[in-house]
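Colleague: Chains as they are written, first to last, in my numbering: chain P, 1 to 347; chain A, 348 to 732; chain U, 733 to 890.
Misleading hints may appear alongside valid ones.
[Claimed, not checked] Derived DSBU-like pairs (lysine-lysine); straight-line CA-CA distance at most 30 Å: (1) A:K410 <-> U:K887; (2) P:K141 <-> A:K559; (3) A:K611 <-> U:K836; (4) A:K446 <-> U:K799; (5) A:K709 <-> P:K141; (6) U:K887 <-> A:K446; (7) A:K559 <-> P:K328; (8) U:K754 <-> A:K410; (9) U:K764 <-> A:K709; (10) A:K356 <-> P:K141; (11) A:K410 <-> U:K764; (12) U:K764 <-> A:K446.
It is worth saying that the hints were derived from the structure and are not from the lab.
As the structure is a computational prediction, the values presented were derived from the model and not from experiment.
These are the residues of each chain, in order.
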Amino acid sequence: METLLTILNEPAVTAVLLALLPLAFILVYALVVLYGEMKMAAHIQNRLAYMENGWHGTLQPFADMLKLLQKEDIIPAAADKFLFILAPYLVFVGTYASFAVLPFSSGYIGSNIDLGIFYLVAVSSLVVVGLLMSGWASNNKWSLFGALRSAAQIVSYEIPGVLAILGVVMVYGTMNMQTMTQMQEGGIQNWLILGGDLPLGQKLALIPFVFVLFVIYLISSMAEVNRTPFDLPEAESELVQGYNTEYSGMKFAIFYLAEYANLFLVSAVVVVMFFGGWSSPFGSFMNGPVWGGFWFVAKGMFFVFFNIWLRWTLPRLRVDQLMYVSWKVLTPFALVCIVAIGFIMVV
Amino acid sequence: MTETTETIKTSTGRVLRTEEMVVNMGPQHPSTHGVLRLEVVLDGEIVVDVIPHMGYLHRCFEKHCEHMTSYQQVVPYVDRMDYVASMTNEMAYAVAAEKLLKIEVPERVHYIRIIMSELQRIASHLIAIGTFGIDMGAFTPFLYYFRDRERILELFEMTCGARLLYNYIWIGGLSHDLPPGFIEKTREFITDFKKTLKEVNDLLNYNEIFIKRTANVGVLPKDLAINYACSGPMLRGSGVSWDLRRDDPYTLYDRFEWDVIVGKGEMGTVGDVWDRNMVRQREMWESLRIIEQALASLPEGDVQKAIPKRIRPVPGDAYGRVEGPRGELGFYIVAEDSVTPYRIKARAPAFVNLSVINEISKGAMLADLVAIIGSIDIVLGEVDR
Amino acid sequence: MTAQEIHDILKAQFGDAVLEAKLENVPDPFAKVQADRILDIAAFVRGDERLQFDYLMCLSGVDYKGKLGVTYHLYSMVHRHKFVLKVEVPTDAPNVPSVESVWKTADWHEREAFDLYGLNFTGHPDLRRILLPYDWEGHPLRKDYQTPEYYNGMKVPY
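Make the full structure from the sequences, and use the hints.
Modeller: So this is what it looks like as structure tokens:
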């Protein structure tokens, strides 16, 4: 017991344990969302989904997980074995590393660095490398197509996404995500989507532009996580399953996990930037480190739900239309908003 | 097949080449609606050439027919051609055989056949539009369409006991009369269906993304459509007002009041994918109109009165055709002095419609190709026979 | 236009190439024509103002035991009349000119007839098998067809 405590008091061990917290969160969250997505999709589509395992099929995600764990891990004979194995982990690492700067509550943030959101944008781009790698290594034309599409898509949508972030950063004057959240504390009226904690005039002038930036970021984040209407990289009816066609078993599960983790990540960024992060909507009521965690996850989950909702409602765009939306619609609008926000903040 | 399409010289003098890529779409691919294999030559995402290969579902239908012990025995085989619209297959075969044998069937039989084939048309169009939605990435409408189709299948099940392969329309008559309660249940279905049809129509066909994906894609001009002998919604989508039910009436279609739907190019060009899809959607309303009228004036009679006991036709041949959900479904029957058919050729609409694919998908994008296949509405069981 | 009138126009234009005809008391009136003239006749019936057979409903191969035949079911969208043309060729020299250049739809129909009957459509741009595998031997719808014992090592008769 004594030794255990000493080991736990070791700073390195504490750091590792704290770093593993998001992983635990991702695993639990993935199970919940797996179940939630299936149920939601089913109810949107007028059917029941899982009903057999446990009450209303609540044990189904565990069964799915066990099945994936037991599955044979097939590596195609002509695949580039090293890259093939590396790719899913790289995708997951890219996503997981971004969780380091997410302020889950006032008491917990993996790494409270000043470059916060900049780091997040940079690291999450690792995902592209992983996807490209998986498509190439699979030695399958459809996979390659999917990978190329996803590279083009994610890179294109990073531009309006980053421009939207830039506009927001101009309001806050910081890239530290914890500070951003702290600046929005004190109730719903201080959230950036409602103009932030600023004098009334500035606040009112800011609201329309911030709202446009919010929509731009929401759309480009959807594109970045490859979900309908932007799920072209894995467009089932066109590319079979896109970059993960050849993957099976645990590697496929990791792609899946990374996709869901990424989904929460972009939702969390939306929450931090526009919806007050972990701060309570009621000012000091229900506020605090623990409530903070609750609010953060709850708000994040709302946007996850929003994504799922759209996914099961809308058809898919075509490649050229996708690029059109990014370059000719979102990017110019984001630039206009940045200029306007600059004026408002200076005046 | 692969050839250099473009050569770029870099500043250092290195030569970069771009190559066309040949991909095999199918036979196992989610959106080839069965086991069609398309050899697609792609320049990036642009389709340069499409070469269809089929026959994966070839079940020697025509050879089988020559080895039956009677003409009547062919009917269950006919069912298995276009397995999502079996009633119309039977109808077409019956029409062709009755033309050869010069059989007059009672009016009640005609009416019931019309009701069945119109219900079948709705069921088939529901699948066509639903799977087309899936091709576009919209999964949800598919299940809505299937919910309504299920009720039609229930109606068929109560009529003849089978949900898909009916063996119901026989030469000269029907295997059963309508069961008690059928008319009420059908009326009930029509009332409910009118509501849901409008709902799903708004959800899918007028969705902005859906329109963007389908308008001006895979345009099939009028003259090309006729030259390729396209038929059904494919031909009507191209703006040709042409429906065998009206223009070459078989059974008693000329008694009912309904309209032929044609594509007008509302969202883009006449004859694009959206038009073809919309023709199917609107045709369902017309089918409902026909069913309502037929139910209202259903005559009495014995449905098995005209069924011949033994079929031994005068040597000769006959070609009978009906308007199936996919287009002109014809049977060419050659008879010799025997109780078995000498030769039966099925003119499958999906087979003929599919032959135009190369023509209309050149220059489209890969995603458009999927839309085009979906809009042709092929059933591989019928293409390959 | 009645079948008799159509037949008269054909007879006037092609004379001896139109062999025999059955125009009454049959479900579909037809005319048998010389096989090697079918392309000219097809081009004529499609182009002629009075006939305008622009729609080839069906093209079927038939085995008449000793002879192979092709039946063309024609329809005119403009005049709304039908006619059937038939050709017959000896089984050992089954050459029929392709009408693919007149009606594009004949492309696949002719490939099918080639596949199942071994009819050789001369002038067809791409005469390959269509329903059977490319390496299949024989033409199964011929009446004298013998099912092979094995196909690629698989036993065929079951």
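Colleague: The structure should be examined with respect to each hint, and the outcome stated for every one.
Modeller: Okay, the hints, checked on the actual structure:
1. Using a Cα cut-off of 30 Å, the hinted pair K410 (chain A) and K887 (chain U) holds, with the two alpha carbons roughly 19 Å apart.
2. Simply put, K141 (chain P) and K559 (chain A) have alpha-carbon atoms about 27 Å apart, close enough for the 30 Å limit, and the pair holds.
3. Between K611 (chain A) and K836 (chain U), the direct Cα distance comes to roughly 25 Å. Compliance with the 30 Å bound is thereby established for this hinted pair.
4. A hinted pair counts as satisfied when its Cα atoms are at most 30 Å apart, and K446 (chain A) with K799 (chain U) qualifies at roughly 26 Å.
5. A C-alpha spacing of about 20 Å is found between K709 (chain A) and K141 (chain P), which places the hinted pair at or below 30 Å, so the restraint holds.
6. Distance restraint check for K887 (chain U) and K446 (chain A): the Cα-Cα separation of roughly 40 Å exceeds the 30 Å cut-off, and the hinted pair is therefore not satisfied.
7. The suggested pairing of K559 (chain A) with K328 (chain P) holds, with an alpha-carbon distance near 16 Å, which does not exceed 30 Å.
8. For the proposed pair K754 (chain U) and K410 (chain A), the alpha carbon gap of about 27 Å is at most 30 Å, so the pair holds.
9. A distance of roughly 39 Å separates the Cα atoms of K764 (chain U) and K709 (chain A); the hinted pair therefore is violated under the 30 Å criterion.
10. Between K356 (chain A) and K141 (chain P) the CA atoms are separated by roughly 26 Å; this keeps the pair inside 30 Å, and the hint holds.
11. A hinted pair counts as satisfied when its Cα atoms are at most 30 Å apart, and K410 (chain A) with K764 (chain U) qualifies at roughly 25 Å.
12. The straight-line distance between the Cα atoms of K764 (chain U) and K446 (chain A) is roughly 21 Å, inside the 30 Å bound, and the hint therefore holds.
In summary, the numbered hints that this structure violates are 6 and 9.
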